[in-house]
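Sequence order for the protein chains is A and B.
So that you can map any letter, position 43 of the first sequence is 43 in the working numbering, and since no number is skipped, the others follow by simple counting.
So that you can map any letter, position 245 of the second sequence is 548 in the working numbering, and since no number is skipped, the others follow by simple counting.
Careful, some of the hints might be misleading.
[As the list claims (entries may be wrong)] What follows is a list of derived Cβ distance ranges for each label pair:
id: 1; chain 1: B; residue 1: Leu-741; chain 2: A; residue 2: Gly-236; range: 30 to 38 Å
id: 2; chain 1: B; residue 1: Met-763; chain 2: A; residue 2: Pro-223; range: 44 to 52 Å
id: 3; chain 1: A; residue 1: Thr-232; chain 2: B; residue 2: Met-757; range: 46 to 54 Å
id: 4; chain 1: A; residue 1: Thr-232; chain 2: B; residue 2: Met-763; range: 22 to 30 Å
Everything labelled a hint here was simulated from the structure, so no lab data went into it.
Fair warning: this is a prediction, and the values are worked out from it, not measured in the lab.
Cβ coordinates follow ideal geometry from the N, Cα and C atoms, glycine included.
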Amino acid sequence: MNLAKPMKWLSGGLLALLSIPAFAALNILACEPEWGALAQELGGDKVSVYNATNALQDPHRVEAKPSLMARARGADVLVCTGAELEVGWLPILLRQTGNPKIQPGQPGYFEAAHYVRMLEIPTRLDRAEGDVHPGGNPHIQTDPRNITLVAEALAKRLAEIDVANADYYRQRHIQFAARWKTAIANWEKLAAPLKGIPVVVQHKGFPYLENWLGLKQVAALEPKPGVEPSSTYLSGLLGQLQRQPAKMVIRAAYNDARASEWLTERAKIPAVALPFSVGGSERAKDLFGLFDDTVQKLLAALK
Amino acid sequence: MSFKRKTLAASIALALAVPLGAQAADSAELAQIREQIKQMKESYEVRIQSLEKRLQQAEEKAVLSAEEKVLSRPSDAQNSGPSTQHSALASSAFNPEISLILSGTYANLSQDPAHYRIGGFLPNGGEIGPGQRGFSLGESELVVAANIDPHLRGQFTLAVTPEDTVAVEEAFVQSLGLGNGFTLKGGRFYSGVGYLNERHAHTWDFADAPLAYQAFFGGQFKDEGVQLKWVAPTDLFVELGAEVGRGSNFPASNRAKNGSGSATLFAHLGGDVGASHSWRAGLSLMRTSPQNRAYDDIDSTGAGVTNSFSGNSRLEIADLVWKWSPNGNPVYTNFKLQGEYFRRHEDGDLTYDVNTANNTDRYASAQSGWYLQGVYQFMPRWRMGLRTERLDSGAASIGLIDNGTLVAADLPAFAAYKPSKNSLMFDYSPSEFSRFRLQFAQDKSRPEVTDNQMFLQYKMSLGAHGAHKY
Chain A
1 MNLAKPMKWL SGGLLALLSI PAFAALNILA CEPEWGALAQ ELGGDKVSVY NATNALQDPH
61 RVEAKPSLMA RARGADVLVC TGAELEVGWL PILLRQTGNP KIQPGQPGYF EAAHYVRMLE
121 IPTRLDRAEG DVHPGGNPHI QTDPRNITLV AEALAKRLAE IDVANADYYR QRHIQFAARW
181 KTAIANWEKL AAPLKGIPVV VQHKGFPYLE NWLGLKQVAA LEPKPGVEPS STYLSGLLGQ
241 LQRQPAKMVI RAAYNDARAS EWLTERAKIP AVALPFSVGG SERAKDLFGL FDDTVQKLLA
301 ALK
Chain B
304 MSFKRKTLAA SIALALAVPL GAQAADSAEL AQIREQIKQM KESYEVRIQS LEKRLQQAEE
364 KAVLSAEEKV LSRPSDAQNS GPSTQHSALA SSAFNPEISL ILSGTYANLS QDPAHYRIGG
424 FLPNGGEIGP GQRGFSLGES ELVVAANIDP HLRGQFTLAV TPEDTVAVEE AFVQSLGLGN
484 GFTLKGGRFY SGVGYLNERH AHTWDFADAP LAYQAFFGGQ FKDEGVQLKW VAPTDLFVEL
544 GAEVGRGSNF PASNRAKNGS GSATLFAHLG GDVGASHSWR AGLSLMRTSP QNRAYDDIDS
604 TGAGVTNSFS GNSRLEIADL VWKWSPNGNP VYTNFKLQGE YFRRHEDGDL TYDVNTANNT
664 DRYASAQSGW YLQGVYQFMP RWRMGLRTER LDSGAASIGL IDNGTLVAAD LPAFAAYKPS
724 KNSLMFDYSP SEFSRFRLQF AQDKSRPEVT DNQMFLQYKM SLGAHGAHKY
């Protein structure tokens with residue numbers, strides 16, 4: 001029997017199997033949906049993105065679920081906020097899945113917080129201050145100028161990891177950066193009336209948004225990050241708002257509505273649920289929609 | 304006058320003529336001077352700009368270093384972000400993560416815990432029973448962990464008991480990113496069998512371990528050995544694990560031999576159902592071969608005797624955990640359903656009264672047990688839970704009784720019984736790091752009495768923010 005033909009087929013088949021990974025998309029595990037959306041903008045059809053959390057979940061409080069373990073096992077790149085936002089679950093994914101590509105220090109480990117100027121870096125590290133993050137407030141995605149910085153770093157990183165498509169990522173970044181610049185100018189023009197507007201926040205999650213739009217945070221419903229307010233604190237807050245009124249109370253999509261609504265009822269100011277991340281509202285379908293909706297919701301509350 | 308006028312005219316003419324003449328004569332030189340001035344201007348501008356830039360940088364640096372005085376930032380691969388020197392922290396920057404667990408209990412028990420036993424199950428010398436009556440300190444647990452180098456991570460857990468004894472609870476090294484889904488661990492560690500076994504007591508949802516864990520493991524099964532785990536490259540979570548160990552703890556027994564005294568195999572499956580549900584199911588097998596595993600009993604004449612078992616012990620565990628929270632956000636409300644089923648077969652030789660009579664014959668038993676618990680967080684920080692559990696000792700086949708050497712009353716620890724227990728708990732967690740618990744239980748572990756138990760407990764976590772397993 002002539003074995004040449006079957007051998008040829010077999011080796012052909014093996015070659016085909018071996019070459020599959022070369023055509024496979026770069027697997028990206030994004031810790032938060034805003035980074036998933038950004039990776040998709042920059043990576044186009046060369047990447048396959050899985051979001052570990054959705055906009056209705058508090059990214060600090062999710063668990064190292066089996067589904068996330070499975071995704072971390074096969075990830076080529078991990079795109080996370082960092083600054084201890086994912087400290088309760090990400091270390092487990094890194095340690096238990098044996099994936100060398102996404103270990104800290106590897107190119108496949110990307111922390112967005114490294115590329116922006118952090119705000120609210122605590123001067124006193126003490127748990128008596130509530131849920132403080134030593135690296136600063138991790139909710140950096142609420143300022144689109146931070147997205148610009150992270151996009152630049154992420155595009156570079158993708159080009160470094162997936163050298164074959166480096167030009168593709170560069171091109172997509174140039175296009176995205178241009179669109180994003182125009183969009184920021186447009187949002188800033190629209191949001192001009194928000195400058196100096198006093199607001200109450202439910203959780204201290206908006207310093208970057210306030211910094212961008214010039215909103216003035218006059219109070220927070222949580223006395224300290226992650227600490228439930230007492231009734232004494234809340235009545236004090238109401239008194240303060242009578243002397244120094246605020247225009248609205250803002251919260252993230254994943255925050256419970258009750259605390260804001262309580263204040264709305266008593267202080268007669270509108271409650272605004274901001275999408276906070278991609279998927280946090282009907283309109284926040286991508287990064288552009290996220291800020292379209294954020295600015296529009298804030299303006300609507302002003303009227 | 305005419306002279307004056309002439310002089311004036313001449314001087315005006317001169318005044319007019321000089322610049323004209325100079326321009327005419329030295330236009331090349333002037334251009335040169337102009338060029339020099341221009342160059343000077345440009346050079347000053349550049350120098351001023353550079354000075355301004357340096358000033359700005361110095362200001363930024365001052366602000367940054369003031370803000371980041373307390374911060375030691377882990378280095379990213381290509382950190383183009385603000386980098387600062389932390390000379391003051393250099394010596395402590397490599398200190399490992401340290402955390403400490405403090406716990407304490409007030410217990411009200413209707414029965415004396417000194418006489419506690421689980422009917423039908425052999426005394427195993429482990430941490431069984433409800434603990435002491437009244438106020439007592441729980442185990443204080445010190446955890447020190449850090450990456451050793453790019454390839455390994457080490458963890459050390461020291462438990463200080465309220466009796467002032469110190470025990471190395473865990474001390475292991477674990478591979479980091481071995482590749483292809485493999486993780487290797489070695490040292491002393493809690494075995495990966497079952498669901499609750501790997502979890503430290505401070506993360507339990509009830510004040511005590513389920514009866515099945517107390518009866519089959521004497522609390523939790525830990526061993527000294529190696530563990531290899533593999534996560535499959537699939538979207539469904541598939542994890543396979545195997546361990547071999549010394550077999551120094553019940554149901555194994557310490558042996559002075561080469562090779563291993565215990566071996567386990569386990570498989571975990573898990574995933575999500577929509578955004579709100581997640582689950583994990585597992586199957587574990589464990590094989591140990593205890594040699595001269597001794598226990599104390601009281602024979603039919605009322606005399607204390609020490610008996611021992613040598614042979615094989617096979618344990619199977621099936622476990623399931625199902626978690627629900629609205630949109631997968633557990634902060635406000637969530638529910639966790641958890642259950643495990645244990646079945647153990649032992650066969651080998653039983654030696655009665657090893658010190659004097661020393662009679663040996665065949666022994667075989669099949670024992671089982673399960674618990675099922677649900678914990679519901681009905682509002683932020685507040686949870687309630689229910690746990691129900693049953694054990695079945697089965698009837699052991701004992702050669703020494705079958706052949707008439709002994710009567711059943713000589714081996715009372717083998718008297719068949721089905722222990723049961725129900726527990727109800729409430730807990731309140733002011734923050735992620737603290738928890739207060741109230742638990743009531745009706746414990747029918749002892750055939751003769753029912754123990755009504757009440758526990759008030761605190762569990763505190765100090766130091767590094769831990770990451771907990773699912």
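Here is how each hint holds up against the structure:
A hinted range of 30 to 38 Å holds for the C-beta pair B/Leu-741 and A/Gly-236, which are about 31 Å apart. About 21 Å separates the C-beta atoms of B/Met-763 and A/Pro-223, a value inconsistent with the hinted range of 44 to 52 Å. Evaluation of the 46 to 54 Å hint for A/Thr-232 and B/Met-757 yields a failure: the beta carbon distance comes to about 32 Å. Checked against the hint of 22 to 30 Å, the C-beta distance between A/Thr-232 and B/Met-763 comes to roughly 25 Å, which is consistent with it.
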